[in-house]
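Once you've looked at the hints, dock chain B against the given chain A.
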Amino acid sequence: MSFLTLENVTLRFGGLVAVNNVSFHVGKGEVFALVGPNGAGKSTLFNLISRFYDPAEGDIRFEDKSILKLRPDQVPSLGIARTFQNIELFEQSTVLQNLLVGRHRHAKVGGFAQTFFTPAVRKEEMEHRRIVEEIIDFLDLQPYRDKYIAGLPYGIRKVVEMARALATEPKLLLLDEPASGLSLEETQDMIFWIEDIKKHMGITVIMVEHDMNLVSAVSDRVLALADGKELAIGTPKEVQSHPEVIKAYLGSSGLDDKKEGAKK
Amino acid sequence: MPRGEGFDLDMMQLVISGLANGSVYGLIALGFVLIYKATEAVNFAQGDFMMLGAFITIWLANPQFLGIDFWIAVPLAISIMAVLGYLLDLFVIRKMFGQPQIAVVILTIALGFIIRFVVGAIWKHEPQLLETPFAGRELRIGELVLGFEEVAVIVVTLLLTLFLFLFFRKAKLGKAMQAASQNQLAAYYVGIPVKRIQSLVWALAGAVAAVAGVLFASKGAVDPSTGLLGIKAFAAAVIGGFGSLPGALIGGLIIGLIEPFAAYALPAGYSQIAPYAVMLLVLIFRPAGIFSQMQKKKV
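First to last, the sequence lines map onto chains A and B. FYI, the numbering used here numbers position 203 of the first sequence as 203, with every residue one higher than the one before it. Take any residue in the second sequence, note its place counting from 1, add 1000, and you have its number in the numbering used here.
Next comes chain A alone, as it looks inside the complex (with noise of 0.2 Å):
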């Protein structure tokens, strides 16, 4: 069974090919990353898969099963969970509030129950609470717990995005840039955490990401886009002595092209 296919994957935006023909596949366990120059479609990737947009060809299968007839709220449904290189945080909420809010998918007893706040309600909210406790124990939220968001740095509301994610109890999740506007000190923290979400957690990992050093420490396998179109796939080091990813970095390429073009 495979886990994550994305089979010949194509995205316009009027004459713009922002993915061209992508196919990759990530098994189950496994941190893959997304590596390449600004604007070469990894973000776009990630927002077709989280199915933000339509891709115009192609197929993207979750488990076997096409997820190309969801809407985007469906998709947490499935075990999918992302960030956002922005960040997108409830901000006008506390920290413990937003990874609540998380749990909505498992939230099952009813409107007016809830409402009333009966026994079964407290027994399913103290299960949330505990599940949203772990994982600011594991991300050493504790000192931010009831702070609200519009208030904290910029580091902080990053690790609240992703235990939020992680409150969804994700099978896959999918992280947009962990490392970027991070210090030194909290790229190493953010290592450690992708390996133990991996380990401990078993959930699989899909990130995009520049910082070469975090992506050479946590992932199994690394896929080089440029333009939209892949350049090459494999294990870090071999995707970054690769001629063709070390070409589209220094930009040659990209020169030599606008010339060809230009004598056309």
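One or more of the hints may lead you astray.
[What the hints assert, rightly or not] Once the Cα atoms are required to be at most 27 Å apart in a straight line, the calculated DSSO-like pairs of lysine-lysine come out as:
id	chain 1	residue 1	chain 2	residue 2
1	B	K1095	B	K1037
2	A	K69	B	K1037
3	B	K1170	A	K108
4	A	K69	B	K1195
Hints were generated in silico from the structure; no laboratory data involved. On a predicted model such as this, the values are computed, not experimentally measured, just so you know.
Chain B in isolation, oriented as in the chain A frame:
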């Protein structure tokens, strides 16, 4: 009867009728706050929703129209208004998705005019009274004589506000509504169907407006221009802080209480200004409203 005591009883009756009026303002203000909390738009047709709810109930219940039993007509009218609210979001408001807030505001102002004229065209412009089973009944507490309608209005309003308050605090749907208003992207990716939630908020606002309409029409006559008292309810919502449900109710009660006492103390003509003067004072001295949530948001 000693003179002083009679004076106190007059005062009590002014207070009760003020609170009853204020309850209706408060319920319309609740509608403002609901929509604002969940979609960050202001629905200036909320007063006209109330008037429409009143007319639908009159149409269902009064003997000169359909004459359905009052206790069936009321839940039916509330359901009809909820469905209308839902459909309004589905087919009109949602089309404005991504447009500036002001576009939605102007749309709702136009919607208010449309409701006023459509209701006038169907049910005429004369004032009408909802015939309730408890019309004309009185409650006597000692020497105090209270209209049954007025007491019912206050009690129903308090219960409804309490229910909505708990609903937003505790229920999954209520929390989902708040989450969707704070961050739509984040709400989507914890599994909240944001668009459906917004339609449900409009349905809820329609239902609350219908309750306000039933209460208003059972204690006084309504005509198609009654919806304009939505402006007073808007003032109530501002006084209450615009993000707070209990604040909206208390803002409504404050305005309801100011009116009869202003009429008692000030020359006719000036007393009408009092509610808006209070709104201005609140905006000047406590711009976030009396019950603003901003207080605890400071970190």
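Here's how the hints hold up against the structure:
With a C-alpha separation of about 19 Å, the suggested pairing of B:K1095 with B:K1037 holds against the 27 Å cut-off. Note on A:K69 and B:K1037: the hinted pairing is violated, with a Cα-Cα distance of about 31 Å set against a maximum of 27 Å. For the given pair, B:K1170 sits about 13 Å from A:K108 by alpha-carbon distance, which is consistent with the 27 Å threshold. Distance restraint check for A:K69 and B:K1195: the Cα-Cα separation of roughly 17 Å lies within the 27 Å cut-off, and the hinted pair is therefore satisfied.
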